[in-house]
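Using the sequences and the hints, build the whole thing.
These protein sequences, in sequence, are chains A and W. Residue numbering for the first sequence follows our numbering, beginning at -12 and increasing consecutively. Residue numbering for the second sequence follows our numbering, beginning at 2 and increasing consecutively.
These aren't lab readings, by the way, just hints derived from the structure by calculation. Quick caveat, the model's predicted, so the values are computed rather than measured. Please note that the accuracy of each hint is not assured.
[Claimed, not checked] The calculated lysine to aspartate or glutamate pairs, modelled on EDC-like cross-linking and capped at a C-alpha distance of 20 Å, are:
#1 W:K44 with A:E131
#2 W:K44 with W:D81
#3 W:K44 with A:D42
#4 W:K44 with W:E23
#5 W:K44 with W:D77
#6 W:K44 with W:E63
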Amino acid sequence: MTVGIVVFPGSNCDRDVAWALEGCLGIPVRFLWHEERDLSGLEAVVLPGGFSYGDYLRCGAIARFAPVLEEVRSFAERGGPVLGICNGFQVLTEMGLLPGALTRNRDLHFLCQSSPLEVQPGACRWLGAYGAGERISLPIAHGEGRYQVEPEQLERLEDQGCVVLRYVANPNGSRGDVAGLSNPPGNVLGLMPHPERACDPVTGGLDGRRLLESLLG
Amino acid sequence: MPLFNARVQVSLRPSVLDPAGEATRAAAARLGVEGVQRLRIGKAIELDLEAPDRATAQARLELLSDRLLANPVIEDWSLDLAEAG
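As C-alpha cells, this is what we get:
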C-alpha cells in the first residue's frame, strides 16, 4: 500500500500529509510532482492543502491543467480513492470531479481555528469509520472555503448523500453548512478541514486519524 | 496573421455573495461618498491574440473565457473583441 501525494508549486501541506500517513500511521507515501504522469503502484492519491500556483486567477484554476491531474482524473473515474484537502478540495471542484466552487469567506478573514463538524458518512469510503451524525473537531485554515452551489443542485447533493461533512457552527458562510463533499460512488472526498493535522495528540487531537486509517481497510 | 485585442470581463454571478464588494461599499461610505447602492468586484483580462479571422478569434476567446478565465459555477463573463488597427 503506497499513497501518492501531489505536489504543486505552492503546495504547503504535502509534508504534513506525509507525516500523518507515514509518521503516524505507517503508510508509505510517494510524492508526485505536478508534471508527473506515473501513478503506478499507488492505491490512493491525496491533493494536499496550500496555494497551488499562487492561487492565481482562482484557487485551483491553474492546477487543474497540471499533467498529473489528467492521471488523477482517470484514477478517480476507475474508482481509485482520491482525497482533496483544503486547496485540494478547491482543485477537485475546478476539475469538475466534485460540483460547486469555493469562494471568499463571508467575513473575508482567513480562518485558522478548530471547527466542530458533523459527519454523515453515507457511501464515502474515506469516512466509513465514523458514525452517522458523529460530532468531531478538525482544524480549518482557509480564506476561500465558502462553498457555493445553486440551491437545486445542493438539494440533489443532499438527496444523493454527498454532503458528508457539515460545519456545526458555519464559520465561512458555506451554502448548506458544507465542509466536505463526496462523489456519489464515495471514492472521491473533498473537504476544507485538515484531517492530517489531527492525527497526533500533540498537535491537534486525533479526530482526523480514522479518515486516513480508512486506507488500511 | 491579423491581431485582435480582446477584453474579457469576469463578474460574480448575481446569486453569489461578494463580501469584498460589500466591504468596499462600506469604505465608500466612510470616504463620504453617499448613495452607493451596489458594488460588485470582478476582474478584467486584456489579451492580444493572433488568429486567421475574427470568427476564429471569437471562438478561441469563448473557449478560453468559459474554461479558464471564468468559472461558470460562480462567474459570468462577457467579451469585447476588436481587430488591432
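Between K44 (chain W) and D77 (chain W), is the straight-line Cα distance small enough, at 20 Å or below?
holds, 11 Å
Checking one constraint from the list: CA of K44 (chain W) to CA of D42 (chain A), max 20 Å. Satisfied?
holds, 15 Å
Between K44 (chain W) and E23 (chain W), is the straight-line Cα distance small enough, at 20 Å or below?
Status holds; Cα separation ~16 Å.
For the pair we were handed, K44 (chain W) and E63 (chain W), check the Cα-Cα distance against 20 Å.
holds, 16 Å
Agreement of K44 (chain W) and D81 (chain W) with the hint, judged by alpha carbon distance not exceeding 20 Å
OK: K44 (chain W) and D81 (chain W) at ~14 Å, within 20 Å.
Given the hinted pair K44 (chain W) and E131 (chain A), is their Cα-Cα distance within 20 Å?
holds, 17 Å
Violated hints are absent here; each numbered hint is respected by the structure.
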